[in-house]
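> Protein chains in written order, with our numbering: chain A, 260 to 577; chain B, 260 to 577.
These are calculated hints, taken from the structure and not from any lab test.
Yeah, the Cβ is synthetic: ideal placement off N, Cα and C, and Gly gets one too.
Do not take every clue at face value.
To be verified - If the Cβ cut is set under 10 Å, some of the chain B residues that face chain A in the computed set are: (1) G392; (2) A494; (3) T500; (4) V504.
Said to hold, decoys possible - Coverage of chain A stretches by chain B, computed from C-beta distances (three or more under 8 Å per stretch; other residues unrestricted): (5) 304-312; (6) 342-354; (7) 373-387; (8) 419-429; (9) 550-561.
There are 2 protein chains.
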Amino acid sequence: LERSSTLGELGEFGLIARVTAERHQPAATLLGPGDDAAVVAAADGRVVACTDVLVEGVHFRLDWSTAEQVGRKAAAANLADIASMGARPTALLAAVAAPQDLPAEWLEGLASGLAAEAAAVGAAVVGGDTTRGELLTVTVTALGDLEGREPVTRSGAKPGDVLALAGRIGWAAGGLNVLSRGFRSPGALVGAYRRPQPPYAAGRDAALMGVRAMIDVSDGLLADVGHIADDSGVAIDVDTTALPVPEPMRNAAEALGADARNWLLSGGEDHALAAAFPPDVLLPEGWRRIGTVSEGAGVTVDGHRWTGPTGWDHFVKE
Amino acid sequence: LERSSTLGELGEFGLIARVTAERHQPAATLLGPGDDAAVVAAADGRVVACTDVLVEGVHFRLDWSTAEQVGRKAAAANLADIASMGARPTALLAAVAAPQDLPAEWLEGLASGLAAEAAAVGAAVVGGDTTRGELLTVTVTALGDLEGREPVTRSGAKPGDVLALAGRIGWAAGGLNVLSRGFRSPGALVGAYRRPQPPYAAGRDAALMGVRAMIDVSDGLLADVGHIADDSGVAIDVDTTALPVPEPMRNAAEALGADARNWLLSGGEDHALAAAFPPDVLLPEGWRRIGTVSEGAGVTVDGHRWTGPTGWDHFVKE
Numbered sequence: 260l261e262r263s264s265t266l267g268e269l270g271e272f273g274l275i276a277r278v279t280a281e282r283h284q285p286a287a288t289l290l291g292p293g294d295d296a297a298v299v300a301a302a303d304g305r306v307v308a309c310t311d312v313l314v315e316g317v318h319f320r321l322d323w324s325t326a327e328q329v330g331r332k333a334a335a336a337n338l339a340d341i342a343s344m345g346a347r348p349t350a351l352l353a354a355v356a357a358p359q360d361l362p363a364e365w366l367e368g369l370a371s372g373l374a375a376e377a378a379a380v381g382a383a384v385v386g387g388d389t390t391r392g393e394l395l396t397v398t399v400t401a402l403g404d405l406e407g408r409e410p411v412t413r414s415g416a417k418p419g420d421v422l423a424l425a426g427r428i429g430w431a432a433g434g435l436n437v438l439s440r441g442f443r444s445p446g447a448l449v450g451a452y453r454r455p456q457p458p459y460a461a462g463r464d465a466a467l468m469g470v471r472a473m474i475d476v477s478d479g480l481l482a483d484v485g486h487i488a489d490d491s492g493v494a495i496d497v498d499t500t501a502l503p504v505p506e507p508m509r510n511a512a513e514a515l516g517a518d519a520r521n522w523l524l525s526g527g528e529d530h531a532l533a534a535a536f537p538p539d540v541l542l543p544e545g546w547r548r549i550g551t552v553s554e555g556a557g558v559t560v561d562g563h564r565w566t567g568p569t570g571w572d573h574f575v576k577e
Numbered sequence: 260l261e262r263s264s265t266l267g268e269l270g271e272f273g274l275i276a277r278v279t280a281e282r283h284q285p286a287a288t289l290l291g292p293g294d295d296a297a298v299v300a301a302a303d304g305r306v307v308a309c310t311d312v313l314v315e316g317v318h319f320r321l322d323w324s325t326a327e328q329v330g331r332k333a334a335a336a337n338l339a340d341i342a343s344m345g346a347r348p349t350a351l352l353a354a355v356a357a358p359q360d361l362p363a364e365w366l367e368g369l370a371s372g373l374a375a376e377a378a379a380v381g382a383a384v385v386g387g388d389t390t391r392g393e394l395l396t397v398t399v400t401a402l403g404d405l406e407g408r409e410p411v412t413r414s415g416a417k418p419g420d421v422l423a424l425a426g427r428i429g430w431a432a433g434g435l436n437v438l439s440r441g442f443r444s445p446g447a448l449v450g451a452y453r454r455p456q457p458p459y460a461a462g463r464d465a466a467l468m469g470v471r472a473m474i475d476v477s478d479g480l481l482a483d484v485g486h487i488a489d490d491s492g493v494a495i496d497v498d499t500t501a502l503p504v505p506e507p508m509r510n511a512a513e514a515l516g517a518d519a520r521n522w523l524l525s526g527g528e529d530h531a532l533a534a535a536f537p538p539d540v541l542l543p544e545g546w547r548r549i550g551t552v553s554e555g556a557g558v559t560v561d562g563h564r565w566t567g568p569t570g571w572d573h574f575v576k577e
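One chain only, chain A, in its complex shape (with noise of 0.2 Å):
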């Protein structure tokens, strides 16, 4: 690509295609960008399948993620649904909705994070498609394989099950906080705003120990295993001292004004994963044991209904 160039000179035809024809294919890719459709293994005779959108403004912002910041985003927030149904992802397709005057090397720098992004979980990115529109749309959709498991869903969790989490939750919530008030630090918290980085590997080990329910938490801890409670027909109490708050966090909080508990409990975008295991099951290692599940039905945090915010919605205005 020209390095001067917008889309708009450029043209749409396999943008794509073309900015990530060239990186390298894992042999699960049968027949890659470029046609009008791709071939990705399934080798178990079925495939998952999930799709995710981010759009500028609303899930990111230009002057706070750098293009390859957004790919990886945009590619984490699909693979660690695929890791969450106990799956490996094999493939993401890509597709961007963009502004004319957007520079091409925008464009090539979101295919290079949506490539590293898979490539760090041996997938790749197999096709696309990019069309003119004014306001910057990215949506991912993500392929994955069962090797030959049943998928893990919302709804296995039964009482006496132990609530597990793998993974961060709360400091990309931090991040935010820490950007929308105009500051660009502490780097660890924008960090993890700008580049999540999920426990795809947990979502297969879990797997393979026996879990019940899991769930990308993506919407923020509580919100999300309100889905585990409500499609198992449980209720499941949070129990927050196992979830203490990590020093960069308490300190930016503080320094806010902000209460970092409810970044812990109701921040999204780290794509943790949460999950019920079997009360006898030994915890895969990056699990920790965060909460119990019983009969009832609901979610509460140390054994108390939970009156701060449960997590995020797009479409409620703030």
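Put chain B on the given structure of chain A with help from the hints.
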């Protein structure tokens, strides 16, 4: 859904899942809407996948198309891509970014259109995402099953092959022209723009008959045949005596002072299929000969270089 609600009032959680969950799911849907991801059968160990984004004001207008028509159109664009690989569509995923004041019933109509078009080919909407975004954007991903066959790419055409077409061309372009000038008739053209009717079965039929290269005509016949020529390393000549201008199209073009031949040769969005067949093949039902493949490069029309428009590039302002 409550009739008078807006997306902002309803919130985003599972809106697409809610409006699609109760619909019939075919046997290929192993896990339908409502979890972090869906699971779809991929019987021969491979899955075909493509994605396509429609943007309000670029690909559709709310005063020109109903929500259901936009849903059908978004589905058709992707289902035709699956068909052009010689595959059978199995599933759709839909990601929607929408303004908060969009009536929820519009999204319900969109979901109805997506589901109806999918059902017409035995597929279903298995998942989706809905989020806030000031510009209405509909991104659909389609999955398909090759049923043990090799995928039909753009690169297999050989000198001596017959260029053939299934489905209509120029009708949607005519309809768009009519609507753009402020008219609502003739209905045949406007209807074609509002609801494309791709020849889905023709793709699979062509694959069964040994077609060598195939493409979904979404950007215009000459542009898309050009992709076959480029990727196959051949020259293609389009014979316009095989492409007579239909009566309603001729009349509308005359009334508008437009050239109906341009609609035929460079109009997309009917989602016809164009393909190169070996010279000795009896063309399957619905296919007709429209040109020839020879040694060389590029696309000609009746043996001459074409100086009119070749197709539709959404990034290049007209």
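> Was the hint right that V504(B) lines chain A, CB cutoff 10 Å?
violated (27 Å)
> At a Cβ distance under 8 Å, does chain B reach at least three residues of the region 342-354 of chain A?
holds (count 7)
> Quick check on A494(B) please, does its C-beta sit within 10 Å of some C-beta on chain A?
With a minimum Cβ separation of about 20 Å from chain A (threshold 10 Å), the hint on A494(B) is violated.
> Is the interface hint for G392(B) satisfied, with its Cβ closer than 10 Å to some Cβ of chain A?
holds (4 Å)
> How does the region 419-429 of chain A fare against chain B when you require at least three residues with a CB closer than 8 Å, holds or violated?
With 0 residues in contact (Cβ-Cβ under 8 Å with chain B), the coverage given for the region 419-429 of chain A is violated.
> For the restraint on T500(B), tell me whether the closest CB of chain A is nearer than 10 Å.
Violated: closest Cβ of chain A sits about 28 Å from T500(B), beyond 10 Å.
> Take the region 304-312 of chain A, compare each residue's beta carbon with every beta carbon of chain B, and decide whether three or more fall closer than 8 Å.
holds (count 9)
> Do three or more residues of the region 550-561 of chain A come closer than 8 Å to chain B, measuring C-beta to C-beta?
violated (count 0)
> Test coverage of the region 373-387 of chain A by chain B using CB-CB distances below 8 Å; three residues minimum.
holds (count 3)
Comparing the model with each numbered hint stated earlier shows that hints 2, 3, 4, 8 and 9 do not hold.
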